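K.L.:
Given next are the chains, with one letter for each unit.
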Amino acid sequence: MAVTASPRPAPGKQRPKRESMADWRWGDRIAYVLCWGAGLALCAIAALIMGYMAVRGLQYLKPSLLWSHPSGEVDQSDSGGFLDPIIGTILLTIIGIAIATPIAVAAAIWVVEYGRPSGLARMVESGIEVVAGTPDIVLAIFGLALFQHGLLGWMSFTAEGGAVFGRSFLTAGAMMSLIALPMVFGATREGLQSIPAHVREASYGLGKTKIATIRRVLLPAVRPNVSTGAALGMGRIAGDTAIVVILLGATLRLEKEGGVPGLDVLKGTGSTLTSYVYNNSPAGEGNAPEKAYAAAFVLLLLVVALNFTVDLIARRGAKTGLEGTRLGAGR
Amino acid sequence: MITEQPPPIRKILVDAPPTVAPGIAPPAGGHAATSGAAHHRRGEAGPERMTLQGLSVFYGENEAVKQVSLSIRLGEVLALIGPSGCGKTTLLRTLNRLTELTAGAQRGGTILLDGTDVDALEVTALRRRVAMVFQQPNPFPMSIFDNVAYALREQSRKRPGRSVLAPLVEDALRRAGLWDEVKDKLDAPALRLSGGQQQRLCIARAIATRPEVLLMDEPCSALDPRSTAVIEQLIGELRSDLAIVIVTHNMQQARRVGDKVAFMYLGDLVEYGPAEQIFDAPQAQRTRDYVRGVFG
Ligand SMILES: Nc1ncnc2c1ncn2[C@@H]1O[C@H](COP(=O)(O)OP(=O)(O)O)[C@@H](O)[C@H]1O
Ligand SMILES: [Mg+2]
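Here the protein sequences come in this chain order: E and D.
Okay, so the first sequence: first residue is 109 according to the numbering used here, each after it adds one.
Okay, so the second sequence: first residue is 502 according to the numbering used here, each after it adds one.
Here chain E stands alone, though its shape is the one from the complex:
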């Protein structure tokens, strides 16, 4: 450091008078304390949730729970772990984000880089807002109605009479993608909008087409945004219950469907950590609240890990040298 500032004022120099609360009006003091208190209270609540879940979860969490299948019975109190729900959560998250990301990125590119006619672009944006605002239980019953249609029978189990079950990892994953899509779309759109116009102009000035500019300049630049949006979306999928309960078939174990290896799992039914917790909570039929706590703790860890990933990506995005430029703003 070239300039080292002395922390103490030079002797003999009058220290500048600092603003102190003693000069404040009473209303301001109370408001200040309330704001301060609100922040602290939120910290306390977060700590309480984490602490309680950790204590209860660790109390009941045995390593064997992580790699044993749930019991075949409805009642889970005697035997069985939650291997299948863990696999289910991971599988569903991957399916959902794999569907959501390309669609969301493509839509964001179209809205920001093309967006003509502008009325249509605005319609796309409000459409995505509507999807984002739709309660997951509504998405779930809509999904059920949709995927029970004969044309979409290949995605799930079709009974003898031709009735389509509509419940499978594929159908649940497809609806889950709608939960993640707005987050990926929003993050990508913001990333693209924060790229100054002169970056695009520089590319056109080098004789590049718009497509080349998008592929080689804009998309690489927004990769951290896309990753952030995807990680947030994955957190949402992993934490969702309604779609799982309605569209995943509510079998605690993975039940394969059809004979094609790989596809049989996707067409089959199963459970996730959220539906497992629901099932075994006092509200469900599993009758094993201690396992619900253990599973809830695992789920919490998973989601917290995803949130840390978001942070990590954001910080790595900042390391590309974008900080201090408008490109780095808002990260």
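These aren't lab readings, by the way, just hints derived from the structure by calculation.
Keep in mind the model is a prediction, meaning the values are calculated, not measured.
Virtual Cβ for every residue (Gly too), placed ideally from N, Cα, C.
Just to be clear, a hint being listed does not mean it is correct.
Residues on chain E that point at chain D, a partial pick, calculated with CB under 8 angstroms [to be verified]:
1) 244
2) 306
3) 307
4) 310
5) 312
6) 313
7) 314
8) 315
9) 316
10) 317
11) 324
12) 325
13) 328
14) 329
DEER-style ranges, computed between Cβ atoms [claimed, not checked]:
15) D:626 - E:225: 25 to 35 angstroms
16) E:323 - D:668: 24 to 34 angstroms
17) D:725 - E:148: 39 to 49 angstroms
18) E:424 - D:570: 51 to 61 angstroms
19) D:625 - E:225: 23 to 33 angstroms
Start from chain E and add chain D with the ligands according to the hints.
P.N.:
Below, chain D with the ligands alone, put in the same frame as chain E:
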């Protein structure tokens, strides 16, 4: 704190005898190193590269450039001067058809590049031959290497690998006088460079495809005096292979780098001629007032 090493300042050999610009374009790929070449100020101009005939540009109803005719020659630096808003940037951007990106902009008149109407050329090809350096340094948010490599890569499916591009990237960075400063950190983000280095990277990027004409829009206006001196030096070195058009606000700069000077006022080309004439014996009253700093 990382302090940037001052780039080596090379002496401009003003007193050296002028080297006559070659009559033909230098063969792509192999050409003499320009670092030692004399600054052939006021040398004989090369062949005409671009011709502007009655060029007008409108933004809606507003005529930003009015009936401008000029010629741009190889081996010559044309400095465009004039007060803010007189249409310098617009004129420059029209030469490689960047104004077409502005909604509502229209053009009249003809622009010829080596005798061919630029409208008849593929716009991507035109912009590779008539490259542009912008007022604000605008490197891409990628590595230093990739900034130059991106310019070199063709639109084609088959993308040349790093080993193919590396010598070309090095050559472009050398010509832009940036190689020594960045050769050890080619994979560092370009946005980490200082403003002056970023602008030279933009120049490297622009000259990587060996354009015939280099357009520079106030390339030093965002830079400190030292970086400005480095870039002016660079302009002197580049001019033997290129036709350069530089827009500048700065009269001293126009005088230092320009062989020809064009003075614009409110969209009109008021006066155009050799730099000495414009500065020492201007014909028009407006030019006289402007170069003496009466207005602008
Ligand atoms: N994108 C644009 N849309 C509409 N008018 C513009 C645009 N760019 C420039 N102009 C107008 O054209 C005139 C010339 O501008 P410009 O070429 O930027 O001048 P200079 O570079 O000499 O300062 C100005 O009157 C300006 O307001
Ligand atoms: Mg300008």
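K.L.:
Looking back at the numbered hints, which does the structure fail to meet, lowest number first?
P.N.:
Hint 1 is the one this structure does not satisfy, whereas the remaining hints hold.
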